[in-house]
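Those sequence lines, one after another, are chains E and X. Final position of the first sequence in numbering that gives the first Met the number 0 is 785; the numbers increase by one with none missing. Final position of the second sequence in numbering that gives the first Met the number 0 is 166; the numbers increase by one with none missing.
Just so you know, these hints were derived from the structure itself, not from any lab. One or more hints might be untrue.
[As the list claims (entries may be wrong)] Output of the computed footprint for chain X on chain E, the stretches with three or more beta carbons under 8 angstroms from beta carbons of chain X:
#1 175-186
#2 334-346
#3 450-461
#4 672-679
The C-beta atom is built at its ideal place from N, Cα and C for all residues, glycine as well.
Residues per chain, in single letters:
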Amino acid sequence: MTEYAVVGRRLPKLDAVAKTTGETVYLGDMKLPGMLHGKVLRSPLPHARIARLDTAAAARLPGVRAVITAADTPRVKFSFVEALADKYLLCTDRVRFIGDEVAAVAAIDEATALQALDLIEVEYDELPCVFDPEAAMQPEAARLHNGASNVAWEVHQEFGDLERGFAEADEVFEDRYETSRVCHCCLETQAVIAQAHQGGRLEVWAATQAPHTLKHELDRLLQLPPGSVRVHYPPIGGSFGNRLVADMKAPIAAILSRQTGKPVKIVNSRTEEFETARTRYPYLVTMKTGVRRDGRIVARAARVICDNGAYNDKGPSTVASAGVTFAAFYNVPNVRYDGYIVYTNKQPGTGFRGFGNPQVTFAGESQLDMIAERLGLDPLELRLRNANRAGEAAASGARPGTCPMAECLRQAAAKIGWQRRRELPPNRGLGLAAMLHTGAGARMYGYNSASAGLTVDEEGKVTLVSSVTDVGQGAQTVMAQIAAEVLGIGLDEVRVIGNDTDLTAYDLGAWGSRTTWVNGQAAREAALRARERLAQSVAAWLEAAPEDLEFQGGKIFVRGAPDRGLDFAQAARLTYTKRGEPISETGRFVDELGPTMKGWGDVYPTFSTACQAVEVEVDPETGAVRVLQAVAVHDIGQAINPMAAEGQVEGALAQGIGYALMEELLLDGGRAVNPTFADYKIPTFIDVPDPQVVLYSDPDPTGPFGAKGIGEPGLVPTAPAIANAIYHATGARLRSLPITSERLFTAMREQPAAPGPRRAAETPEPPGGASPDQRADGSGPDKLQR
Amino acid sequence: MVLDAAAAMPLRLTVNDAPLELQVPPQELLLDTLRERLGLTGAKRACDLQVCGACTVLVDEQPVSACTYLSVDADGCRVETIEGLAAEGRLHPLQRAFVEHGAVQCGYCTPGMIMMAKSLLAALPSDADDEQIRLYLLGNLCRCTGYAKILDAVRAVLRQGQTGSAA
Ligand code: FES
Ligand code: FES
Chain E
0 MTEYAVVGRR
10 LPKLDAVAKT
20 TGETVYLGDM
30 KLPGMLHGKV
40 LRSPLPHARI
50 ARLDTAAAAR
60 LPGVRAVITA
70 ADTPRVKFSF
80 VEALADKYLL
90 CTDRVRFIGD
100 EVAAVAAIDE
110 ATALQALDLI
120 EVEYDELPCV
130 FDPEAAMQPE
140 AARLHNGASN
150 VAWEVHQEFG
160 DLERGFAEAD
170 EVFEDRYETS
180 RVCHCCLETQ
190 AVIAQAHQGG
200 RLEVWAATQA
210 PHTLKHELDR
220 LLQLPPGSVR
230 VHYPPIGGSF
240 GNRLVADMKA
250 PIAAILSRQT
260 GKPVKIVNSR
270 TEEFETARTR
280 YPYLVTMKTG
290 VRRDGRIVAR
300 AARVICDNGA
310 YNDKGPSTVA
320 SAGVTFAAFY
330 NVPNVRYDGY
340 IVYTNKQPGT
350 GFRGFGNPQV
360 TFAGESQLDM
370 IAERLGLDPL
380 ELRLRNANRA
390 GEAAASGARP
400 GTCPMAECLR
410 QAAAKIGWQR
420 RRELPPNRGL
430 GLAAMLHTGA
440 GARMYGYNSA
450 SAGLTVDEEG
460 KVTLVSSVTD
470 VGQGAQTVMA
480 QIAAEVLGIG
490 LDEVRVIGND
500 TDLTAYDLGA
510 WGSRTTWVNG
520 QAAREAALRA
530 RERLAQSVAA
540 WLEAAPEDLE
550 FQGGKIFVRG
560 APDRGLDFAQ
570 AARLTYTKRG
580 EPISETGRFV
590 DELGPTMKGW
600 GDVYPTFSTA
610 CQAVEVEVDP
620 ETGAVRVLQA
630 VAVHDIGQAI
640 NPMAAEGQVE
650 GALAQGIGYA
660 LMEELLLDGG
670 RAVNPTFADY
680 KIPTFIDVPD
690 PQVVLYSDPD
700 PTGPFGAKGI
710 GEPGLVPTAP
720 AIANAIYHAT
730 GARLRSLPIT
740 SERLFTAMRE
750 QPAAPGPRRA
760 AETPEPPGGA
770 SPDQRADGSG
780 PDKLQR
Chain X
0 MVLDAAAAMP
10 LRLTVNDAPL
20 ELQVPPQELL
30 LDTLRERLGL
40 TGAKRACDLQ
50 VCGACTVLVD
60 EQPVSACTYL
70 SVDADGCRVE
80 TIEGLAAEGR
90 LHPLQRAFVE
100 HGAVQCGYCT
110 PGMIMMAKSL
120 LAALPSDADD
130 EQIRLYLLGN
140 LCRCTGYAKI
150 LDAVRAVLRQ
160 GQTGSAA
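Pulled out of the complex, with its shape left as it was, chain E reads as follows:
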């Protein structure tokens, strides 16, 4: 493995100190001169016609500066995907979920704005609602939009010959899984400040993961001439997918600002956030898998029904993304994916760490354990027999590149002590799950490139202008480490600036685990060019050819003769003063397949893989589950900053534990019943074990220094690993998330008392290929009865 000086080091993040001193200014901390406070009037009903809307009394309230309704907004429908536009900025004549934006107010303070909302009179005529996505698909269901049905979008893909695949299978399994509606729960709620300038430009401060996308979205929503919008993106208090698509507060604030001539700030209350900030999409997944007796999966079909909520957001993208991965996972020769995105009268969903993959992986990886049991195979062995291998193209044409899936599986099993499976004390269980995920964003939007600017100043200090959105993951630090490595200088010598769409190059944002792979290549390229420039500049002094110069330890010297050199800073000075040359370079990374990609084989530039293994303890009296141990082995290519990368996995794993065991936004008639942190529990210090994270190094030649993304994968296999461990502990197979103590308690009660469910009576003789480990495991029925 190549040793680097800065890359691969556990270095503190550039922004960490300011975050520990309270100096970091988040959006909620910002005040602009003359700033007004906005509030949004939201629908109290899940589906209704607006019969009358009267804002006169609100407008008369002292301190109110503007009140707007749909009449003040452009008549244009919006969605992230323009072709699927379905939402007005403010509701015109109809509301479709509790929380739908109806009107908005700007006032001198928040309390006055809230008071004004109470004075807005709205009369609604209730309309029939539909909450269940399957019911919503029926022809007689109440419609949310004008389309032929409530199916907003669908996707169907088949590779190989599914029918033949199932015909060749020795066993076919079909099960249905349900995942829950979970909230991102960023500690900072959504917020925005907009300032419409007299000259026509709109300046926006937004907590966003995709600032350049937001810029274009606001152009569309507000029908502005292209180039009108400038987005500042200050540090964000969490994102996880919640800040990918324009939230209506941004255009609302813009219109309020235009009407008042003042900057307008709108901040979600925590309850508003739970009720309206969009959630992870709940999926219903019907998973059908055909296997040969030796465990090889020969055919697989997933039918996914995604509860879209009232409007399209990232629904199509998440369902499609999950399908692309599903079609490649385990290299199944005959595979089919059918996805339906269905409108219901509920808060819309959006992307959330994994983009549909956690939902489908929960189904697939839960079912694999059931298959293993039926075949008399160890779940680990079954996965090893199907694991994707490096360079092996899937039926869809997708190429996982480097793909140490088998290695990740083996290491995770070894670290958790998989051989203990047959000797665990009562109520304990071990489970594992693997995953495949993009390690480099996606090309589905036609562009997956990046550029970065790098200046070496006259003192030798480096400024990198990067488009990355640092949402706390350390993206700016990672970019700086890449540049420092190339230039042979310390991390302290590099500053990163960005956070402003007028300054940074167009970029798709922080999602899809793409930043390191995509933007990292641009940063590396920029630094390489600066290095070339410096080498040319100092070659004459050093009496050497530029290509014979080394950049290392803050010095530039002739290869093999470290004393024939000069300081990096000195070289920079000489370049400015003696040669009269600035050092300012642009690095470009061009992903040519972006615009030309065809089909599912090209969507992800490279994949990453992982295996997580957990040990759980179930309280037989209550059904409460404790995760005692968690091991996460993640293929990352090459960690640029292992400490930050581990942090991504650890945080994702904790969110995965929440997803598996406790989190769900409960709706009753479309109304959230637990929209506070008191009632919607997220994992605390005592719900999460100290995990063992292994960053598996296998440099991917496509990435910068061999790196690929790690933002999302840590959550993808967690829930099925836990579900599998719970099954191992109790014999209860839970197919719905979250596995609350109540659900598990009920399921345990419904188990046949004896013999133990863990090795069902119908388990056939292990086929010839079963591992010795498994055979031993299969012979411990006494333990199974607990």
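Go by the hints and put chain X with the ligands onto chain E.
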């Protein structure tokens, strides 16, 4: 927040060692006094319900949730916020440990977490086990880190002794 000056009450306290005399309405929350009146925005509002700990500050060395604490109840008290922790450019050992252990991601929970950890240093013995540390910090939510690196940072400082002085 509408602050009704007519009903204001006098409030004397020290904030990060600076003595202050203010007039605040009786219903004003300490978090608003700090953030809106004094411009100390380090303490964050994240739940408004005393369940997340993002707004934690110390009042006479006791951790409180400033989002649900009346400013007038701090009359005559010493209030410490994250802004007062680093002295003359020297980070507090907890701040340094959070930086070095990678315990900071988005940073939104960090000020409250560090203030809670500061009170932990005074409350727990330096050989307290992880379970004790976890239970002490139970009321501070972090959505980013999964807590592992925060635990590492706090444990490291606790082991150095409880003085809170230079590490
Ligand atoms: S904001 Fe005070 S405890 Fe959450
Ligand atoms: S670092 Fe983001 S909430 Fe803790």
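Hint by hint, here is what the structure shows:
{"no.": "1", "hint": "175-186", "verdict": "holds (count 4)"}
{"no.": "2", "hint": "334-346", "verdict": "violated (count 0)"}
{"no.": "3", "hint": "450-461", "verdict": "violated (count 0)"}
{"no.": "4", "hint": "672-679", "verdict": "holds (count 3)"}
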